[in-house]
Structure formats: C-alpha cells, structure tokens
Amino acid sequence: MSQRVLIGIFDSEDAILQVTESARRRGLKIVDVFAPYAVHGLDRAMGLERSKLPWVCAALGLFGASFKVWFEYWTTASDWPINVGGKPWNSLPAFVPITFEVMVLFAGISTVLAFFGMNRLWPGRRAALLDPRVSNDRFALVLEEDNAAFDVDEIGHFLREHQAIRVEEREQEIAA
Amino acid sequence: MAEVCSPLRIPLIAGHKNPAAVTEDVCRPMLRPPSTLWWAGFTVAFALLLLGVAAVSYQIATGVGTWGLNTTVGWAFDITNFVFWVGIGHAGTLISAILFLFRQKWRTSVNRSAEAMTLFAVMCAGIFPVIHTGRPWLAYWLFPYPNTRGPLWINFRSPLAWDCFAISTYFLISATFWYVGLIPDLATIRDRVAPGLRQRLFATFSLGWNGSYRVWRHYEVLYLLLAGLATPLVVSVHTIVSWDFATAVIPGWHATIFPPYFVAGAIFSGIAMVLTLMIVARKLMGLEDYITLRHVDVMCKLLLLTSSIVALAYGTEFFTAFYGGNAYEQFVFRNRALGPFAWAYWTMVSCNVLVPQLLWFRGVRRRLELVFFLSLLINVGMWFERFVIIVTSLHRDFLPSSWAMYRPTIVEVSTLLGSFGLFFTCFLIFCRILPVIAMGEVKAVLRHGHENGGHA
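Just so you know, the protein sequences line up as chains A and B, in that order.
For the first sequence, position 164 (counting from the first letter as 1) is numbered 1362 according to this note's numbering, and the numbering increases by one without interruption.
For the second sequence, position 185 (counting from the first letter as 1) is numbered 186 according to this note's numbering, and the numbering increases by one without interruption.
Chain A extracted, bound-state conformation:
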C-alpha cells in the first residue's frame, strides 16, 4: 500500500516545533517528524502518547531479580549445599548484591532489545531518509494527504508560512 504525503523541510528547532503544533491543531494527520536531535517538547507537539518502555524495564528487572534470588537459593541451599564458615544454607542478605546486579543487567539489556524490536532497528537495515541532511541539521514534517479535501496548495502555503525552506509531495510505501 502506498500513501501520498506532503513534506515540509525546516532548518530550525523553533520552526519545527511551531509548525508541528499548528498542524496538529489544524487537524492535519502527522505521519512523522524527522529530526537530527531530540527536540524538547516535540513529542507533545506531535501529540504522541508516553513510551511504554519503562514497563518493559520494570517487568524484566523484577524478573531478573526474582530469578536470581531463586537461583542463589536453589544452588546454595538445595542443589549442592556446602557449609561455608558455618553460615546458614539460605544466606539471604549475602545474596542481595548479586541479585541487584542481575536485576540491573536484565532491566538494561532487555529494555534496549525491546527498543530495537519495537522500532524495527537492526544491523544492516536500510535507512529510509527523507532528506540526506535530516541526520545533520534539517527537520522534516510529513503530513498525510488523507482525503480528497486535502488541498495541497493551501497546506503548502501553510508550511511556507511557518518558514519551510522546501515543500514537496511524494508517494511513499507504508509498512503494514
């Protein structure tokens, strides 16, 4: 499937923030915004919901910690108990440091993997670049021409009013 989109290229942080905000207010459908760096407040201007990554982090961190406590208990008190200096089989306080480390390890690595997975980032993936300078100093706003009422000239004018340095129309493939 493909969609027709109208792209505005901008060269400043302020311009992209303002145009995104007004485009959303106008009820235009924002496909995406491309930026060379994280612009404070742009997610709010686009009306994006909060990322769910913290839940992955908390869940996998808890999983790592519980797994490690169980593993330490099982190896030390059940599978092959060894008397070390007369300490109790189940030395729970002494298990805390490793449990903490494993929690951080699970939480950290799994959050990164979840991030790669949900954004489909993998080694060798071809980058679909809107503009070669979008990873350098340009910002791009992509609007979907969703219905017949979408007036390309009018919206093009609207983008230029907001200091777009270039406006172009494109047909692009959308991933299912």
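Among the clues, some could well be false.
As the list claims (entries may be wrong) - Output of the computed footprint for chain A on chain B, the stretches with three or more beta carbons under 8 Å from beta carbons of chain A:
#: 1; segment: 15 to 25
#: 2; segment: 97 to 103
#: 3; segment: 182 to 190
#: 4; segment: 214 to 222
#: 5; segment: 274 to 280
#: 6; segment: 432 to 446
It should be emphasised that the hints constitute simulated quantities derived from the structure, not laboratory data.
The beta-carbon is built from N, C-alpha and C at its ideal position, and this holds for glycine as well.
Starting from the known structure of chain A, arrange chain B on it as the hints suggest.
Below, chain B without anything else, positioned relative to chain A:
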C-alpha cells in the same frame, strides 16, 4: 535571531555554532589522516601494550612466583591496579548518567569520551583479577554454570563472586549505554562519508536510524532508563569492590566507612583522568569550542568536592582507630603514617588532599597546564591510596614473626605499564574512528545561554 547573551546562562559551546558546524567540526578529525602527534602517541601506547602482553605471557607461562608477593602480603600490585582502573571508570558513568539525571547540560561535550574511557578502564581492570587467580585459563569458573563437578556452584556469599558479577554487569551496561548514545551519531556519519567500507560499517551499526521522531521519543525514554539504571549500578560496583576488603577481619580493611570512601575516591580519580584526557584531546583535535575553560572549571570543582570527601574519610579512619580503642587497629594506622611505607602514605595525602586545595583558586582552575599537572598528580595519589590500603594493612599482621615487606618485581611493573598501554591504545583508536563528541546531544544545547535558548 540576534545573538544576545543572557547574563544568567553562559553559553555551553563557544563560537556561535549551528548544527551543521557541529557535524563538520566533529567529523573533520575522523575523516582526515592522523597527525604526526597521534602517530607518536599511538606508537608509545602500543609499545607499552606489547610490553604488557610480554609480561602477562611470561607470568602465565612461568607462574605466580614472578610476583613480589609473599605469604604475608598476598594481595598487592594486581589488586591495587584493579581497584585503580575500576575507579577511573566511574567518572565516565558519573558524567554520562548521574549528571544526565541532574540535568547538567555541560556534560554533553565530554560524555562520549568519558564513557569510552569507562569502557577501556574496566577492560584494564578486568585483566588484573583474572591474572591474579593464578590460573587465568580457568577464569570461567568464576561464573555459575552447569559443570561436571557435581554441578558444584560458586559461593554466592563471597564478595569475590559479587565482584565478578558487579564488574561484568558494569561493563555490559556501560557498553550498551555508550552504543545507544552513539546510534544517532553513527547515522550522521553514515550520511556523510563517501560510499565504501567505512560507509557500510556505519550503515550496519546505525541500525537504519533515520531520525524519525516516533523513534526519538522511545529513544529519550530509553536513555533516561539506562541513566537511571547506571547510577545505582556505579555506586554498587565500587561498594562491592570495597566489600572485598571490608568483609575481611583485617585491621585497616574492616571498616563500615569503606563503601562511601571508595565510591568518592573512584569518582575523584576518574575525574582527574577525564581532565587529563580532555585537556590533551581538545588541543590535539581542535575542540576548544566544545570543551571550554568552563568545562574544565566545573570538573575542577568536582575534583575539589570529591577530594574533600576523601580527606574526610582519611581523617575518619584515624579517628575511628583512635576512638575505637582496638590496639591492632591503632597499630595499623600508626604503621601507615610512620612505618616503612610512610612515604607511600604521605605521597597519597599530598596528592589527594593537599595539592587539590590549589583548585580553590579560580586562577589555577583556568590555567590548563597547571590543571593538567594537578590531574596527573591526583592519578598518582589515587594509585597510592589503593596501594596503601592494601599493602600497609597486610605487611605487618597480628604475628610479628611473619612481618614482611613488599616490593614489586619488574614483571608486575611491566603489567601495570601494559595496562596503560592498552588504555591509551584503545582511546587513541576510538578518537580516530568514532565521534568523540556526542553530536546529537551537543546540537540540542547549542542555544543554551543565547536568546530564547536553553529551555523551551
């Protein structure tokens, strides 16, 4: 936009840069052939690395008798170097994670190279305990894995097992954090270099990053989460390192003050190393606009703070020994300050407590050559701190008939030099092949201190 400087916010980056200029400045040193100075540094570092490889091969082939250890001083050089290098690494995490949580925007100029320093320092640190086990080819026994000996599991109550997990986790999380921070910058370079092997490598490792804000939004949360995880992690790592000593009943080691004392000392030594490297790197790579006198100034203040904490810890140790009334504890501390290793103790106090007092003066903090020299002295002082803690607590133990002295052999000294070789070889290669400044982060703070800038 008129460039009006705010009286409250001093610009972080000098020279009124725009984002394109940042890309240009950071990529330029990477895309041109290395300078003569770089080759000179690399040759020296690589020669030291080879010396280290020879020393390590020799001691593994011959045995632990090549060290100066004896039955009384069973821990000395290896463990000193291990604690020294782990400590160096901690400043990288301080700058990349803790200062990120505290919203210290000046960190953006130095965090990339400080994190690289963390990785290389932890690599250097990891070598020493592995050699110290005496049979490094069995180092994997440190991890619990199903084996044919029962399976016989490791002792999870041992601080040495904790250490093994702490250091491995620290390395993996630091490497992940560093790589995640690199992705947008790798994409910037991918879109800049001519097609070829280099371009293909950057394309592979930038994972198809295209600057989409739907990804940036998750990315920012990911970065925050990793910073939030790395912060308690870095504190835990040196706490656990200090437990290697504090859980033993040796006077001079068995102290509750050890964890905070070690963490502060680690950050102290690490910032000194960051300063050493940054002052050289800004000069060599022409990054004076990015790593400004202000950055040096703030890091000097951090040095002063951590130096004061370390000084307080030195004092507290003596006070506790005196006030605790334990004869053995009192003896160890008297022996530290006045015994045969007094020269090491006073080197440590001079470099870590007395010399940093100069940093109270703005005039000193602004003189780079002076700061560079001070940072070297602090590195020496912090190495001696670990040496003093380890060796002076051991060499005169409970039984005067077993008292002994420790003197490092040429093999041990070569191993230490080799670790410096590894560290600087890695760092110099890093300066050549990856962006030393986090472009994506610096671009976001460019307008800090200029009109309308700083915050939205």
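Now for the hints, and whether the structure bears them out:
no. : hint       : verdict
1   : 15 to 25   : holds (count 4)
2   : 97 to 103  : violated (count 0)
3   : 182 to 190 : holds (count 4)
4   : 214 to 222 : holds (count 9)
5   : 274 to 280 : violated (count 0)
6   : 432 to 446 : holds (count 5)
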